[in-house]
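Protein chains in written order, with the working numbering: chain A, 1 to 347; chain B, 1 to 347; chain C, 1 to 347; chain D, 1 to 347.
These aren't lab readings, by the way, just hints derived from the structure by calculation.
C-beta atoms are modelled at their ideal positions from N, C-alpha and C, and glycine is treated no differently.
Among the clues, some could well be false.
As the list claims (entries may be wrong) - Pairs of lysine-lysine, DSBU-like flavour, derived with a Cα cap of 35 Å:
{"hint": "1", "chain 1": "B", "residue 1": "K205", "chain 2": "D", "residue 2": "K35"}
{"hint": "2", "chain 1": "B", "residue 1": "K64", "chain 2": "B", "residue 2": "K83"}
{"hint": "3", "chain 1": "C", "residue 1": "K30", "chain 2": "D", "residue 2": "K35"}
To be verified - Computed Cβ-Cβ distance ranges for the label pairs, DEER-style:
{"hint": "4", "chain 1": "B", "residue 1": "E59", "chain 2": "A", "residue 2": "N189", "range": "45 to 55 Å"}
{"hint": "5", "chain 1": "A", "residue 1": "L188", "chain 2": "C", "residue 2": "K87", "range": "50 to 60 Å"}
{"hint": "6", "chain 1": "B", "residue 1": "R302", "chain 2": "C", "residue 2": "G279", "range": "27 to 37 Å"}
{"hint": "7", "chain 1": "D", "residue 1": "S340", "chain 2": "C", "residue 2": "F331", "range": "46 to 56 Å"}
{"hint": "8", "chain 1": "C", "residue 1": "P25", "chain 2": "A", "residue 2": "K277", "range": "40 to 50 Å"}
{"hint": "9", "chain 1": "A", "residue 1": "G224", "chain 2": "D", "residue 2": "K269", "range": "33 to 43 Å"}
{"hint": "10", "chain 1": "C", "residue 1": "T36", "chain 2": "D", "residue 2": "S337", "range": "35 to 45 Å"}
Said to hold, decoys possible - Here are some chain C residues the structure puts well away from chain D; computed CB gaps all over 12 Å:
{"hint": "11", "residue": "K3"}
{"hint": "12", "residue": "D44"}
{"hint": "13", "residue": "E59"}
{"hint": "14", "residue": "Y114"}
{"hint": "15", "residue": "N171"}
{"hint": "16", "residue": "L250"}
{"hint": "17", "residue": "F331"}
{"hint": "18", "residue": "S340"}
So the chains spell out like this:
There are 4 protein chains.
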Amino acid sequence: MIKAGIAGVTGYVGEELARILLQHPQADIKAITSKTYAEQNYNDIYSNFNGLFMASCQEENIAKMAKELDIIFLALPHGIASKKINKNILEKVKVIDLGADYRLCCQDTYEQWYNTEHFSPELLEEAVYGLSEIKREAVKNTRLVANPGCYTTCSILSLYPLLKEDLISKNSIIIDAKSGVSGAGRSLNLSTHYTECNESLKAYKISSHRHTPEIEQELSIAAGTDVSITFTPHLIPMNRGLLTTSYAVLNENLSYNDILEVYKKYYGKEFFVRILKEGIFPETRWVKGSNFFDLGFTIDERTGRIIIIGCIDNLVKGAAGQAVQNMNIMFGLDEKSGLSQVPLFPA
Amino acid sequence: MIKAGIAGVTGYVGEELARILLQHPQADIKAITSKTYAEQNYNDIYSNFNGLFMASCQEENIAKMAKELDIIFLALPHGIASKKINKNILEKVKVIDLGADYRLCCQDTYEQWYNTEHFSPELLEEAVYGLSEIKREAVKNTRLVANPGCYTTCSILSLYPLLKEDLISKNSIIIDAKSGVSGAGRSLNLSTHYTECNESLKAYKISSHRHTPEIEQELSIAAGTDVSITFTPHLIPMNRGLLTTSYAVLNENLSYNDILEVYKKYYGKEFFVRILKEGIFPETRWVKGSNFFDLGFTIDERTGRIIIIGCIDNLVKGAAGQAVQNMNIMFGLDEKSGLSQVPLFPA
Amino acid sequence: MIKAGIAGVTGYVGEELARILLQHPQADIKAITSKTYAEQNYNDIYSNFNGLFMASCQEENIAKMAKELDIIFLALPHGIASKKINKNILEKVKVIDLGADYRLCCQDTYEQWYNTEHFSPELLEEAVYGLSEIKREAVKNTRLVANPGCYTTCSILSLYPLLKEDLISKNSIIIDAKSGVSGAGRSLNLSTHYTECNESLKAYKISSHRHTPEIEQELSIAAGTDVSITFTPHLIPMNRGLLTTSYAVLNENLSYNDILEVYKKYYGKEFFVRILKEGIFPETRWVKGSNFFDLGFTIDERTGRIIIIGCIDNLVKGAAGQAVQNMNIMFGLDEKSGLSQVPLFPA
Amino acid sequence: MIKAGIAGVTGYVGEELARILLQHPQADIKAITSKTYAEQNYNDIYSNFNGLFMASCQEENIAKMAKELDIIFLALPHGIASKKINKNILEKVKVIDLGADYRLCCQDTYEQWYNTEHFSPELLEEAVYGLSEIKREAVKNTRLVANPGCYTTCSILSLYPLLKEDLISKNSIIIDAKSGVSGAGRSLNLSTHYTECNESLKAYKISSHRHTPEIEQELSIAAGTDVSITFTPHLIPMNRGLLTTSYAVLNENLSYNDILEVYKKYYGKEFFVRILKEGIFPETRWVKGSNFFDLGFTIDERTGRIIIIGCIDNLVKGAAGQAVQNMNIMFGLDEKSGLSQVPLFPA
């Protein structure tokens, strides 16, 4: 059994990790830490775990965890992981960071978008950007995975094959993204107070959301050249689910089937990617609680654009689920292990 | 592996059965039937099953299912099961009926509340009312389980020990019940049209809901005498979850701990019953997607009443989950088998 | 034109007062105050007022407001109003307090339930409990109205005629109440964080909610003797609306029409009370944004109980609307003035 | 007083017309018709009108209405109005059609997108496309207004000034639109069954929604040349509200203030258009129940694109409110008459 620890277990991502790992047949949760809730029973904080998980939160001690565990999941606010992790730690334990600290190759880009110092830039080269379907081989061999953001996962999976095969115009990409409120986390804020966001809809951080450089970095790698995108996130009055509507101009006159072949080439064997039938488009309800990425697309012949709809559960494929998928890859397990639940509907 | 069939697989209860059984380590779904969607791929109807379940719906044929299967789950509108099931069928296969046809001991009561003929009254005596925690021994030995209704399960589990131990006044019981909209099923109706019930709240079928006689029947058995209740269901603008607030006058001056001991006596070893700490009360979010029944209570000393809050996932412990729990009991499996998922939160 | 001021204009009750008064044909909002948002434009805080209301929030100065205004509405946390108001103030200006400070006749009861000192107990006798339909004559002649709480308004209006006419058993009353989340106000709290209360349901402050003594006080006056109730509030995942399900044992065998006559005697001429047809019960959607109290009831002949469903918009009839209704009464205006909007549906 | 009639009063648009007109100081509702609910009391269908509106629905008789009324509002499914209206009718009464029949100048385009015959193409030239802010002069002088669709109103108001002033590339326009569920109407449909759309999100009718030709028609007029857009509507789990995120490439390097000046030129004096401060973007909660169109925009300098967020209440500015605004214009009333309610929040 893999001995796993979760640092930052009381945020929604940490809690989702706990849920998934608890049901994982080849992993045991051996340590959970929380700054805010140290010494408290986990199931007093999250009563869904009542009767199922008896652990209590500890003070964070990465060094100790490194000695005793096989893998540490970090579900911490940005800027913290880069202080905690170093080569010494990585010699003892594998690390999957669900925050942003190791996602951007370039220290400057990180410090500019996140407005904070990076404390272990020497690890940036070693860290593997853990978009499992695309970086599987690198994930297999790394000690440090930078788990992608939720918007990022959905956006990149939607566009990667099209850029890799040079089918769309690099400067034409617009991603209009929509997320449920759990993406904003558990910290109190007027904008996520029930009566302030329920039954309402807004765009936010327009052209300035921190997932933008992450998406551009990976799409640029796919394209082999710099890609700039327009990215607009929206807050949707629902708990879970994330959907992206991506627009791009096709480089040539391609049919639905031409494009379908390309998606099949990249994702045809991927368990967690479900390419929907023609005319059927993703809906967040069909992926809730699961690690699936659902994909549908259409070609707007009148304008020469392709429109791609992608959808995930932001806390699963967009965070904890993909992290466990990466763990499975790192430890040579069946990639689906612990991740094949049927999405819960209606929920 | 138990060979299972689901008749009426395209309603929400049928779908929840499919979800649970698909993940059950000792059961295989060998047949699914639907009147409305015969010949259609199940995952075209419920796309959450995409990539996980490749079956297509068949025309219902109970005789054929009886020959080939070990157990049939019936998730049909009331009045249908009693036509389909007979002693001949039961000699070949075990049956769990999730509808109302075999829940009431008395044919007259059934025909009066359901306003329809009963077609196999000869089976009423044999049928076991499948409230697992209370009827475990009988369930073990029966061929026909009448799986309880959702309101019923939550209400009876809340009150059974108190009546069994003669702690409350039999004529003082009021159950104020609240259910999410999935309890109303998938059939189209103006009252469950999104814009008609979202952001609103109502009571319905006040003093006339069909779960009333079921609750009274089982509570009367517990009390050893006739019990009449006042039962008021309410429709809550959310997908899943059911909570009952039960009121009764205490027969004598009992403390919180006195009552707690009684609940522990009955439920202390029950995996699916979670008695919450004093001062903590159930919330539907903590049971979503799970087979748990959460219980909390308080004593209103000023009025001499006990107030019991019970809560379940209406589609799981209130329907499909309890049915699978009953299957586990009938086949001598671990009662938790296939039913130990962590509730999904936030969802 | 009545010159009105609102102290505490940035809570939901204050904002609702601003909305209603702004549209009132005989009142002008001359001053708005806020502790938290002093000096800020009101429509930067509540953008719905953009283009309609150009005022900015001032520091609270009740003495100054008393000199310049005809009426002050206080929408402050409990314990504040009793410090601010005194006989001197009341000689200059009429006051409607939407908080709890002057609702309870008895200082001790207040200090016990609210766990705070009362700073102007000498005003308790003068203060009129402003349940408009019941206290109209007293409201007409007072300088100080204690505006009732939301749960209280709905509960008392449901039960008052029955107690006044001695039709129900005083010790049999149970009020199972349900409120939308706006009732919890705008202050940040984990329990009203979107993802914590959306799609969930719970009871809270069972047998200990502060509206209990208020309800008992007024029902006792109606009954002419002490009435103790069991009161259980529930939090419903919706923005607005409040519904109470009240239960009581009938003193004698009365028919639906007998009871109807009684309700008609008390409410037949009340514009804001809508007695629904037999078999029709209130739903919060039909009162949203309005000052209506909708009422329906049924008799459970099997148990001898009456079940009364009452429903209001918690921010209107349950707070700001009733306050304006009281203002209309105090100033001799048409009681409906500014309060006859059609409820917004679907909303 | 203007004598008004509403044909199709039992759909959500008809109901919203009834709500607004009932509160209009210069209009009386003299006739309401419904095919489905003829002879029924309106407030039995929509109980929010209880105590406020005593009319009952009549069988539709446009000829009779034309004789007796000053204006008829048609809130009918497409394809019906074009059968009912003719020059003879228009000689007697003004007509505002809230359906699609007279919105498209070209009969062929209509018949192709709506897949039905047009029965009065001779009126297409006379009909004025009633986007009030843009077509005010024409509305003033017409007998027949084709009231715009909800998506259309929000989209055109967002983009019109930019095209009129030739600031954006005509082929670069993408409109990503999001609507609450009331936009889908009151007819039962699995996709708007509560549990099927609550807590979920989807795109639908991608590149094929019927509002597309309407938007293109009016934007082409603005641009003075053919404009083709990509239009993607999404269904948002909320009752009311519509938001569009529009993307276009700027023709030249323009600053925020340059663009602001242009919007001010067109909308600076428009009561119902609220241009938000820089950095503030529309949210549907701030317009609920009102006729406002809120507008915000930003320039994505990295990509040379402008992103415009527009937002309306789909049933008010997107339907009934704009219709009444047009009535006000047609009858020479203050354009705000009956339309200056404060948006309801939280709701």
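Tested hints:
Straight-line distance between C-alpha atoms of B/K205 and D/K35 comes to about 29 Å, which keeps the hinted pair within the 35 Å bound. Restraint check for B/K64 and B/K83: satisfied, since their Cα atoms lie roughly 15 Å apart, inside the 35 Å limit. For the hint linking C/K30 to D/K35, the alpha-carbon distance of about 49 Å lies beyond 35 Å, and the restraint is violated. Look at B/E59 against A/N189: about 54 Å separates their beta carbons, and that is inside 45 to 55 Å.
A C-beta distance of roughly 41 Å is found between A/L188 and C/K87, which places it outside the suggested range of 50 to 60 Å. Range check, B/R302 to C/G279: about 35 Å between beta-carbon atoms, so the 27 to 37 Å window is met. Separation of D/S340 from C/F331 is about 23 Å and departs from the stated range, judged on CB atoms against 46 to 56 Å. In this structure the hint that C/P25 and A/K277 lie 40 to 50 Å apart at CB is violated, the actual value being about 59 Å.
Between A/G224 and D/K269 the beta carbons are some 52 Å apart, a value that contradicts the proposed interval 33 to 43 Å. For C/T36 and D/S337, the hinted distance range of 35 to 45 Å is satisfied, since their beta carbons lie about 36 Å from each other. The non-interface label for C/K3 is consistent with chain D: the shortest C-beta to C-beta separation is roughly 19 Å, beyond 12 Å. With a closest Cβ-Cβ approach of about 8 Å to chain D, C/D44 is found to fall inside the 12 Å limit, against its non-interface label.
For C/E59, the shortest C-beta to C-beta distance to chain D comes to about 24 Å, beyond the 12 Å cut-off, and the non-interface label holds. A cut-off of 12 Å between C-beta atoms confirms that C/Y114 is not in contact with chain D; the least separation is 26 Å. Separation of C/N171 from chain D is adequate, the least Cβ-Cβ distance of about 34 Å exceeding the 12 Å criterion. At roughly 27 Å from the closest C-beta of chain D, the C-beta of C/L250 stays outside 12 Å, upholding its exclusion from the interface.
At roughly 22 Å from the closest C-beta of chain D, the C-beta of C/F331 stays outside 12 Å, upholding its exclusion from the interface. Consistency note on C/S340: stated as away from chain D, yet its beta-carbon is not over 12 Å from all of that chain's, at 7 Å minimum.
Checked against the numbered hints above, the structure violates hints 3, 5, 7, 8, 9, 12, 18; every other hint is satisfied.
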